[in-house]
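Protein chains: 4
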Amino acid sequence: MEQTFEKLDRTSVPELDKILGVPFNVLNDGFVRIIDYMGSDSSIVQAARVSYGKGTKKLREDEGLIRYLVRHHHTSPLEMCEIKLHVRVPMDCWRQWIRHRTASINEYSTRYSLAIDAAQDTKPDAWRLQAKSNRQGSEGFFELDKGKILSAREHELQELARTIYNERIEAGLAREQARKDLPLSTYTEAYWKTNLHNLLHFLALRMDKHAQLEIRTYATTIGSEIVSKWCPMVWEAFKDYQFGAMELSKQEIEIIALLQAGDANGARALAVKFGFLPPDGEKIKFNLERSEIEQKLVLLGIRPPWLES
Amino acid sequence: MEQTFEKLDRTSVPELDKILGVPFNVLNDGFVRIIDYMGSDSSIVQAARVSYGKGTKKLREDEGLIRYLVRHHHTSPLEMCEIKLHVRVPMDCWRQWIRHRTASINEYSTRYSLAIDAAQDTKPDAWRLQAKSNRQGSEGFFELDKGKILSAREHELQELARTIYNERIEAGLAREQARKDLPLSTYTEAYWKTNLHNLLHFLALRMDKHAQLEIRTYATTIGSEIVSKWCPMVWEAFKDYQFGAMELSKQEIEIIALLQAGDANGARALAVKFGFLPPDGEKIKFNLERSEIEQKLVLLGIRPPWLES
Amino acid sequence: MEQTFEKLDRTSVPELDKILGVPFNVLNDGFVRIIDYMGSDSSIVQAARVSYGKGTKKLREDEGLIRYLVRHHHTSPLEMCEIKLHVRVPMDCWRQWIRHRTASINEYSTRYSLAIDAAQDTKPDAWRLQAKSNRQGSEGFFELDKGKILSAREHELQELARTIYNERIEAGLAREQARKDLPLSTYTEAYWKTNLHNLLHFLALRMDKHAQLEIRTYATTIGSEIVSKWCPMVWEAFKDYQFGAMELSKQEIEIIALLQAGDANGARALAVKFGFLPPDGEKIKFNLERSEIEQKLVLLGIRPPWLES
Amino acid sequence: MEQTFEKLDRTSVPELDKILGVPFNVLNDGFVRIIDYMGSDSSIVQAARVSYGKGTKKLREDEGLIRYLVRHHHTSPLEMCEIKLHVRVPMDCWRQWIRHRTASINEYSTRYSLAIDAAQDTKPDAWRLQAKSNRQGSEGFFELDKGKILSAREHELQELARTIYNERIEAGLAREQARKDLPLSTYTEAYWKTNLHNLLHFLALRMDKHAQLEIRTYATTIGSEIVSKWCPMVWEAFKDYQFGAMELSKQEIEIIALLQAGDANGARALAVKFGFLPPDGEKIKFNLERSEIEQKLVLLGIRPPWLES
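Protein chains in written order, with the working numbering: chain A, 28 to 336; chain B, 28 to 336; chain C, 28 to 336; chain D, 28 to 336.
In short, the hints are calculated from the structure, not lab data. It is possible that part of the hints are untrue.
If chains are identical, the list can't say which one is meant, so a pair holds when it fits in one copy or spans any two.
As the list claims (entries may be wrong) - Calculated cross-link-like contacts (lysine-lysine; reagent style DSS-like; alpha-carbon spacing at most 27 angstroms):
(1) Lys266 / Lys300
(2) Lys45 / Lys34
(3) Lys159 / Lys310
(4) Lys323 / Lys312
(5) Lys300 / Lys277
(6) Lys256 / Lys277
(7) Lys300 / Lys256
If we strip away everything but chain A, and leave its shape as in the complex, we get (with noise of 0.2 angstroms):
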């Protein structure tokens, strides 16, 4: 061996330094603090280039090659860097993020300790109608005269589990067994560390439109709060190559390249070979992924044939 080695500093981020430890308020009484850390932008560069060995060094920019491993998913070198969250989130919305399975996890134990007490209320201006289009969301609000009857009733609620759950402590009911009927709005605290590939992922799934209001405040709040400033050029390379990006499938790249050689016939007619479009003569209905290709050819600048006039 002919290499040499210096004793190093640990890698530090003054950024982020700043606002450990500092609560990030999210809803009602939640939060997200920053406990600690591991890595930095220069720890994923110093893990990518142990792959390449010596002699390959400043080939590339730091920032190339972050953006190199982000738009090619080698996220390998991601893993090295770890983040380690204190954060405050009602059962309702904990019960989304705990899916996320590779994370290191203490959950205050309301089996040890008295559940916390507070809960998620809901302001009259804030209650979220079904949506119409998707099962699963919401869209628009109700209005205040509504609200305000929505909210009351949610008040009276959460006084009476919180009134029952007293009475059984006072009464010298086991806590494991006192907390049953708990609402789902009553808050957990719990120390959550995980990698920063395996935040990103968590982020692009919870950031994105269709995640829940709730848990994608959290989401919205660690990136653009915490994760902005500890690795600044995998944030800006995430936004730009996942959470930005598009996929097309092979379906779609095919209608495109039909629509740009000018072939709307050709392009229509896939689309009804795929299944997107009923046979020409029939009544068009709705249809998910042709709905879906619409709205990436909307952004794409381009006009599906079949909407013209």
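Knowing the structure of chain A, use the given hints to seat chains B, C and D on it.
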């Protein structure tokens, strides 16, 4: 390559095939059903033997090999067996269940569909007192009179929660928001798939006497009704080497060795040195680790010297 | 609970049962055999529908649902399918394979048994030239004359390695040490078990044209011979939405939109701004990301404006 | 929320900071260097206490809590600590290392760069004999005369392998193919990152006397040089409760209890019943599990009754 391979028939376990899809009832409205599985005791033997190569087959009997693997924590062959269950569980219990991260899960979505109209209720004789010795457990039951009051209040709360949930749905509130105050006692359903190694880890923790009664009931059902039929050799080995085993720490080994050599004073001195006992002359106070070693010594038929008359 | 459940028959795939245990040959002495499996296209549908609850069944056809899941990366139902393969692979190739961490593995032990007496040899016409454009690839083949020399030298090395291994074993050297100088071309065998989601991820990376030829041959065999029979609907969806798909970055979307709007100068200016092109007037040098966008534009039938005559 | 949070300083371990980047030499040309870390003994305490909530702090001393966690396998707080190592290891040894799946890895790429020009050589006094009692181990060393011959042959093979590798590279062969016959003794390098819980599992298996000498040397170095400084309380607890602990099976507990009760005949009868001993009168043959229990009894200072006179 000189090996020749014959076409295989698929491994099956007739005893398990008989109960495929049949629900085992748990709690007032829960169940566990086995939906599908892969492998058997013999698949474990087959996988273990690939490690040992040709020419070494039949050196051990299958059962001996399986017992050896379990005894020595050679768990990778156990991963070759996979099971898929359909379970119905109160959300409170599911919160514990889901902490086991190495499983595949599809849970019933209350974002997409209406919440299941059932909650775990508690009979008047099933309310448990907070344990005194253990902050996170229960011991004994409430008297029936008190239990009746608790059950009535529970009913009142669950009714109000259901009423308000229905009001919200009828008003057109998004399902994703309507569910926010459901009590943790509400049932959920899931497909839960894991391999035998991870399942045994789940069972070892959740069949344990320190596990909460609710999840313990599920775990015991899975173990005794399903695993015992699926991989009977593994099940026996699990009970002998894992679930029914005892761990002795380095300190405990030293203390026992001194006791066996007839040196009670030496053993006592070690216990002082290790901090289990106060120095001679001081009053003996509760010490958790000493109480643990005492329990082990009792099981082994050895009398702790500090308990002598 | 008002649901009633009938006893189930176990899911099976007759087309797959026919090839259980049958080796598909790969390279000069390797193979892939399917040993067992769990689930099918229909198991995925079943698991996906638990999320959607009662009353929503049959809203979609099975194939449409599977295609929807794959298209939107709703991968958890794909985890409900599991497969176990028996593979024989050169250690060099296995080193890449094993980097996929989410699998269960039992490998032939050269610590316990004699190393497999077979190595991957290379025919004179199969020696590949180092790629020039890509530091980690190959392109084209050596001329036969040179190839013969390379094959002869390969043979010489493999023979010496085998002779010395045998000398060591005969001398009574521990197998764990005797193996230390085996060439990476030596074959190993393993049982390899993974779920369909992770398998598709493996295939997407290893069937890719940038994957090394050897592992690509294994991956292609697994995909086209096994997955295509096991879950044919998933296989088609995988080819359309994952393997044959294209990703467009935020920048690429913007450039295409300008081009479609007829603003070639604007598109060109964007490319300069994003760093794909040098400022006007400077000489255009190689830029990796620009070459990637060019390849995509070609597939879409769009001419990059900077290539205009 | 009534909690107030102060800004935090980042956790650091000065003893570990002193050795950051410094290589610990292993084998003839390998090393282990710590590159970065997250957390400390106190981070584990902090994470464990989130489970216990407000008002329960300071009930236990930190060390007592850590020892409790390790003793009871409450490993989730240990996951809060993360470490990143740079290692240089023979590929043969790396093959074992990589079987630990829960780590993040960036390995030196011999596809992208030239293979490292170093192999693990073996000194004449370091050749080990195949163990007789254990198919997968070694015991004792060769005489020096024989060792010299083995070392000479090793050198010959490693030289030829290197020569042929260089010939291939000079001829323009693709690096991805040139490497195919490298001996397993060739060194590789990697960044290896894992959490403390998984690291202890690695150490428990690889510091064990049954582990192969090479990886045992790495594991021992990591444990005694790095973990002992990083989390000294955990390191002591690990040695007492995990590495130095003993497991007694249900059967062993029963046999010991009978022996303690003075019932040697009963204990002997149990051993027959459990299959450790042949029925009375038959000749006692080797039985692996009996030899295991004998070793444990010796450590506990208990004489197996079947060895009497």
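Evaluation of the provided hints:
{"no.": "1", "hint": "Lys266 / Lys300", "verdict": "between (35 angstroms within a copy, 17 angstroms between copies)"}
{"no.": "2", "hint": "Lys45 / Lys34", "verdict": "both (26 angstroms within a copy, 8 angstroms between copies)"}
{"no.": "3", "hint": "Lys159 / Lys310", "verdict": "within (22 angstroms within a copy, 54 angstroms between copies)"}
{"no.": "4", "hint": "Lys323 / Lys312", "verdict": "within (19 angstroms within a copy, 32 angstroms between copies)"}
{"no.": "5", "hint": "Lys300 / Lys277", "verdict": "within (13 angstroms within a copy, 30 angstroms between copies)"}
{"no.": "6", "hint": "Lys256 / Lys277", "verdict": "between (37 angstroms within a copy, 21 angstroms between copies)"}
{"no.": "7", "hint": "Lys300 / Lys256", "verdict": "between (48 angstroms within a copy, 24 angstroms between copies)"}
Consistency note: the structure conflicts with none of the earlier hints.
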